[in-house]
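J.: Chain by chain, the residues run as shown.
2 protein chains.
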Amino acid sequence: MGFLHEGHLSLIKRAKAENDVVVVSDFVNPTQFGPGEDFETYPRNIERDTEMAVGAGADVVFYPSVEEMYPTGSSTFVEVEGEITRVLCGASRPTHFRGVTTVVNMLFNIVQPDKSYFGQKDAQQAAVLIKMVRDTHMPVDIIVCPIVREDDGLAMSSRNTYLSDEERKQAVVLSQALKIAADSFKNGDRNARELEKHIADIINTKPLAQIDYVSVYEYPSLEQAEIISEKALAAVAVKFGKTRLIDNVILEVD
Amino acid sequence: MGFLHEGHLSLIKRAKAENDVVVVSDFVNPTQFGPGEDFETYPRNIERDTEMAVGAGADVVFYPSVEEMYPTGSSTFVEVEGEITRVLCGASRPTHFRGVTTVVNMLFNIVQPDKSYFGQKDAQQAAVLIKMVRDTHMPVDIIVCPIVREDDGLAMSSRNTYLSDEERKQAVVLSQALKIAADSFKNGDRNARELEKHIADIINTKPLAQIDYVSVYEYPSLEQAEIISEKALAAVAVKFGKTRLIDNVILEVD
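Going down the list, the protein sequences come from chains A and B.
If you want this note's numbering, it's the position in the first sequence, counting the first as 1, plus 300.
If you want this note's numbering, it's the position in the second sequence, counting the first as 1, plus 300.
Keep in mind that the hints were calculated from the coordinates and are not lab data.
Ideal Cβ placement from N, Cα and C applies to all residues, glycine included.
One should not assume that every hint holds.
What the hints assert, rightly or not - Reference excerpt, derived from the structure (chain B facing chain A, CB under 8 Å, subset only): (1) VAL328; (2) THR376; (3) VAL378; (4) GLY382; (5) ARG386; (6) PRO439; (7) MET456; (8) ASN460.
Let the hints inform the model, and build the full structure from the sequences given.
T.: Next comes the structure, spelled out in structure tokens:
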């Protein structure tokens, strides 16, 4: 969705290292925003984005208009049904993933990539897209790349620009809480509910943090688990003022 | 969906005349059948189909299994929303077109055709697929080919094999009624409701015919119209015993 940061650039650089031609899509997609969300105010700067994308190795920057992507009368949706789109961000944003899968399907049809690079910060999005590609037999490999963080640990996000100084300071608690949970997991804590409680307790020490969810699910199926047997996603969504931030960590048994 | 007849072969022949390589898909798609419909009993004969398809010019006959197309856990659907999928066959078969668009999207992803040939007998299906391809920006041309009929006018259909001798005899009324309506349209009758009534009255002269719908809609938008200004679809669905037959004619102002 543009307003590029180091997280996006890491995807472009990796794509360039592994492919001949890199196409970057830069499109603030209206169908993945719900009513009252920040579609209008989402930061945009295509000149800056183009310069950064090309600097990182992009051969093409594709920034269609909303009218090109959704011409008058458009009413076709691609939807991944099931728990995978209903939990986590799907719970508070019920049409979000339908908008994501619809636009990514369009972008794949237009660009026809062999590989497509997504950030692990949007871990649920990546899981949903991997399922979409598998279910619809699209000839695209989805490659999920690590979260890029600020020096203090805050996950890079275009929405970080919304934060006040004090919110920005407190927001670091997300990555700190997840790190502590990951350490606790390494030390043998496999109980999903206890890990969730641990993370939430840490986040709640910050007065500006309003938790949307703190959840531990099996990964990448996003199925419920009491005891983590193999691989799980610990994910959080927390509001600071009007700004909703997400972060996550993969918990994996060695 | 296989069990090929002259209608299918006309698509294959035209495709071969206009392209280098022709791929025929032959797949009885479960997701386009509703509960209690004829998925299990739908006629299948892949050996006969393959011979006929190759004879007509097919280079590849693609007949996947249900498990290949819909592996365990599949839950992604492509859906064209709006009146176009709610009227006509969409009214009595509410999940039918969702199944059609989902499987055709898969087939397009797998085969990646430049052009795809569909029969005008399934006029609504063709309109829905044209809209799907446009809305999702798939690089495929949908080409709609004329209805092929038996000598007495009955539109070719794999389901014709279900008809008893007496049903088969009476079923000819569909094409007769549509022909009379088309003549009446040519003579200046532009009133959609009157044309519908005219067609229904003729069909109702046959005791075994149970009308599902007789409808005249603008084409290809499938929007309601009282008076036809330009181009319309006169379409019928009629049951003879358990067999549901469809037929249609395009009404066009010269």
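J.: All the hints need checking, so say for each whether the structure fits it.
T.: These are the hints, each one checked on the structure:
no. : hint   : result
1   : VAL328 : 18 Å, violated
2   : THR376 : 4 Å, holds
3   : VAL378 : 5 Å, holds
4   : GLY382 : 5 Å, holds
5   : ARG386 : 11 Å, violated
6   : PRO439 : 7 Å, holds
7   : MET456 : 29 Å, violated
8   : ASN460 : 32 Å, violated
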